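Respectively, the protein sequence lines represent chains X and U.
Under our numbering, the residue at position 105 of the first sequence is numbered 105, and the numbers go up by one with no gaps.
Under our numbering, the residue at position 66 of the second sequence is numbered 66, and the numbers go up by one with no gaps.
There could be a bad hint or two in this list.
[To be verified] Straight-line distance between alpha carbons at most 27 Å, and here's what the computed DSSO-like set of lysine-lysine pairs gives:
hint	chain 1	residue 1	chain 2	residue 2
1	X	22	U	71
2	X	22	X	66
3	U	106	X	62
4	U	5	X	62
5	X	15	X	52
6	U	38	U	101
7	X	66	U	106
8	U	56	U	71
9	U	56	U	38
10	U	56	X	78
11	U	56	X	39
The set of hints was computed from the structure by calculation and includes no laboratory data.
Please read all numbers here as calculations on a predicted model, not as lab measurements.
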Amino acid sequence: DAGVTQTPRHEVAEKGQTIILKCEPVSGHNDLFWYRQTKIQGLELLSYFRSKSLMEDGGAFKDRFKAEMLNSSFSTLKIQPTEPKDSAVYLCASSYWGGYAEQFFGPGTRLTVL
Amino acid sequence: GQQVKQSSPSLTVQEGGISILNCDYENDMFDYFAWYKKYPDNSPTLLISVRSNVDKREDGRLTVFLNKSGKHFSLHITASQPEDTAVYLCAAGDSGGSNYKLTFGKGTLLTVTP
């Protein structure tokens, strides 16, 4: 079975640009998570979907970060406008529904904002 | 503030020794506790997890100890091997409201020396 896939693997953007990161969860998984990973803050939750419904929108990340899940097999994370402080690795993870289940992480997208 | 805290950013253990990784949390409502392992340039993978109704769980060389009154849990790795060298992330969750998001610590880099 395919794991979580993320594209692109690397993205370089100019300050002020709009970028869209993509994620395909493991087939059959109902929960999908977007995280930002930095050395200073570690793993921070950006968004959490359950069966395509938004459960958590990441509070402090609401203003420029928008995640969507239009169908059960695809999600996007839009950052608009990008700022240099957004440079980080963005991870997508998915898990089965029905209580706490193992989160399977994708390989991540490394974003650099100049 | 940090809801899940790993106070030691790094730990070095000799091969064959016991590695003890610690995690403290603030939220009394957390009822799920997990340890994830992350190799450099790879994504986290689940090692072991426990629910709040148990104090201890063993799986091979791994043991999780949960101290609810102290809001603390730990991961013990016996007979540590060089291949155990990685970043270990603790995570906790509160399933109230059927919200199964996890809050992660910043990680502890374990180095096992030959």
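For each hint, the structure was consulted:
| no. | hint | in the structure |
| --- | --- | --- |
| 1 | X:22 x U:71 | 37 Å, violated |
| 2 | X:22 x X:66 | 12 Å, holds |
| 3 | U:106 x X:62 | 22 Å, holds |
| 4 | U:5 x X:62 | 24 Å, holds |
| 5 | X:15 x X:52 | 30 Å, violated |
| 6 | U:38 x U:101 | 19 Å, holds |
| 7 | X:66 x U:106 | 24 Å, holds |
| 8 | U:56 x U:71 | 14 Å, holds |
| 9 | U:56 x U:38 | 23 Å, holds |
| 10 | U:56 x X:78 | 41 Å, violated |
| 11 | U:56 x X:39 | 30 Å, violated |
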